[in-house]
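K.L.:
Model the full assembly from the supplied sequences, consistent with the hints where possible.
Keeping their order, the protein sequence lines are chains A and B. Our numbering puts the first residue of the first sequence at 1, with every later residue one more than the last. Our numbering puts the first residue of the second sequence at 1, with every later residue one more than the last.
Hints in this document: simulated from the structure, not taken from any laboratory. It is possible that part of the hints are untrue.
[Claimed, not checked] Looking from chain B toward chain A, a few residues come up when the C-beta cut is under 7 Å (computed):
{"#": "1", "residue": "T79"}
{"#": "2", "residue": "Q82"}
{"#": "3", "residue": "I87"}
{"#": "4", "residue": "I263"}
{"#": "5", "residue": "W266"}
[To be verified] Label pairs and their computed distance ranges (CB to CB):
{"#": "6", "chain 1": "A", "residue 1": "R23", "chain 2": "B", "residue 2": "G319", "range": "48 to 54 Å"}
{"#": "7", "chain 1": "A", "residue 1": "A36", "chain 2": "B", "residue 2": "L231", "range": "50 to 56 Å"}
{"#": "8", "chain 1": "B", "residue 1": "S300", "chain 2": "A", "residue 2": "L60", "range": "53 to 59 Å"}
{"#": "9", "chain 1": "A", "residue 1": "P139", "chain 2": "B", "residue 2": "N96", "range": "54 to 60 Å"}
{"#": "10", "chain 1": "B", "residue 1": "G343", "chain 2": "A", "residue 2": "F41", "range": "42 to 48 Å"}
These figures come from a predicted structure and were not determined experimentally. C-beta: ideal position from N, C-alpha, C; glycine also.
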Amino acid sequence: MMAQSDSGKPDEGARESKVDTGRRWVNLVLGTGIVATIASFIYPAVRYVIPPPVSESSNLSVVAAKVGELKNNAAKVFRFGSEPAILIRTADGNYRAFTAVCTHLGCTVQYRADLHEVWCPCHNGMYDLQGRNVSGPPPRPLAQYQVHIQGEDIVVVRNA
Amino acid sequence: MANLKRRTLDWLNERMGSDGIEEFLRHKRVPIHRHTVWYYFGGMALFLFIIQVLTGILLLMYYRPTASGAFESVQFIMTQVQFGWLIRSIHSWSANLMILIVFIHMFSVFFMKAYRKPRELTWVSGMLLFFIVLAFGFSGYLLPWNTLAFFATKVGTDMAGFTPFAGKWIVEFLRGGDQVTGATLTRFFGFHVAVLPGIATLLLAFHLLLVQKLGMSVPPGVEKEIEDGHLPERSMPFFPNFLLRDIMGWYGALGVLGALAAIFPWELGVKANPFGSAPAGIRPEWYFLFMYQTLKYLPSKVSFIDGELLGLMLFGFAGAVWVIVPFLDYKAGFGRITRFFSGLGMFVLGYIIVLSCLAIF
Ligand code: FES
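P.N.:
What follows is the structure, encoded as structure tokens:
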């Protein structure tokens, strides 16, 4: 590439071909060196651009609400690590917590007080109060979390 | 293969007249004489600038310009992102090397009197680029939001407050308030990645266009020797001969840069605490040391004028003289050897070196 010249006309006899061999060697060495150098810069850059996994601790516990904040048959979506989760207080006063990420295409689900079910508005997916996918496109149930009441706090925990 | 190349070139030529560009590139020749080595520094500065742009873009992918997230995001780059430490280290090292090279480039141009007619505007645009480079250094220094950066910025912006009349306004403009806060950080980020690169690109294009158009200047001494027939006039084409030598230099610089960055990774320090007290031994980056040291020597009051104000006025005046030096030293344009200006250059260079050394030791 660098050592290119305009004198490379074909058929100029044996001397020319001897020069050609030498030149080919130089070109080969130069070319390899350049390619290796470029690769050694591209490689770190490409690796750099790939984001490292966000270090999520496998045990996560979050204060989702205060005692008394939720009425019966109501729910609230809260931040759980980097994802939304939903805390539901059933009609008989029990707490349930699930991930709020729909297992179909990832919409955030909501609680339907009128149906006593969890509903995904995107494609009309439906889950029951155990998190089971009961109708619509969702292929899997919602992952369930544990709920503990600690003093005034309602703590939601995910175990590894 | 050759046919393909020819056809590609023809295709391009039909659409953008690239023969004209090639003609433009080929027209310049680089003189060969005993000072030729100094011609390489401009290209070297350009090369390091390109490194800065590339590594800067990479850093932008993870950096967060807020008081609560800046330090952590740099820490994240250095500890979590693959090769993040290397990219940041190269950015910091290359910044410092670039400033050093820019200083060398400026002084070599000065002593070879390459600024003389018709290259006055090349010099002026170069000087503006020089100030932009310092502004890059100053604004970039704050971005990791560590203690040293925080206080250096506090002191640095404080000085701007001594500017007569507009001082208070300038400080508020720089800081985005009356204190150095997260607002300052966001502002400096804006300067560093948007405002300054924009201005620098325009100036650089202008500067390079002039250099290409006017060709290289031959120092008056060498010019005279050639005229008197003591020295043969020799030169090589800029494109591709000189450029290939340039590239070899860049290749070497890349090696040095990689080695420095890997062996001496740039440190991050401690996160800034705006309400903590300043650490001992705080001082600006090396390229500001000579000004810092000068201000230290000035008494707080010189008759009725503030020492700081006097110092800043002197530096402002000196900077202005330096920018318009081609117009002051117009005699050099006629090939006259103007010793006064060479002496001035020696004085300035000596002053910077001596004062910087005094500040370090
Ligand atoms: S994403 Fe929830 S039903 Fe499709």
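K.L.:
Going by Cβ atoms only, is I263 (chain B) closer than 7 Å to chain A?
P.N.:
violated, 16 Å
K.L.:
Kindly confirm whether 53 to 59 Å is satisfied by the beta carbon distance between S300 (chain B) and L60 (chain A).
P.N.:
Check passed, 58 Å falls within 53 to 59 Å.
K.L.:
If I claimed the Cβ atoms of P139 (chain A) and N96 (chain B) lie 54 to 60 Å apart, would that claim hold in this structure?
P.N.:
holds, 56 Å
K.L.:
Just to be sure I understand the hint, the distance between the Cβ atoms of A36 (chain A) and L231 (chain B) should be within 50 to 56 Å; is that true here?
P.N.:
Once the Cβ atoms are compared, 42 Å apart, the range 50 to 56 Å for L231 (chain B) and A36 (chain A) is violated.
K.L.:
Range first: 48 to 54 Å. Now tell me if the beta carbons of R23 (chain A) and G319 (chain B) are that far apart.
P.N.:
holds, 52 Å
K.L.:
Closer than 7 Å between Cβ atoms is the bar; does I87 (chain B) clear it against chain A? Give me holds or violated.
P.N.:
holds, 6 Å
K.L.:
Go through the hint on T79 (chain B) and say holds or violated, using the shortest Cβ distance to chain A against 7 Å.
P.N.:
Violated, about 9 Å.
K.L.:
Any CB of chain A closer than 7 Å to the CB of W266 (chain B)?
P.N.:
Result: violated, 16 Å to nearest chain A Cβ.
K.L.:
Per the hint of 42 to 48 Å, is the separation of the Cβ atoms of G343 (chain B) and F41 (chain A) within bounds?
P.N.:
Between G343 (chain B) and F41 (chain A), where Cβ atoms are some 45 Å apart, the hint holds.
K.L.:
Is the interface hint satisfied for Q82 (chain B)? The criterion is a beta-carbon contact with chain A at less than 7 Å.
P.N.:
Check passed: Cβ of Q82 (chain B) comes within 4 Å of chain A, closer than 7 Å.
Checked against the numbered hints given earlier, this structure breaks hints 1, 4, 5, 7; the rest are met.
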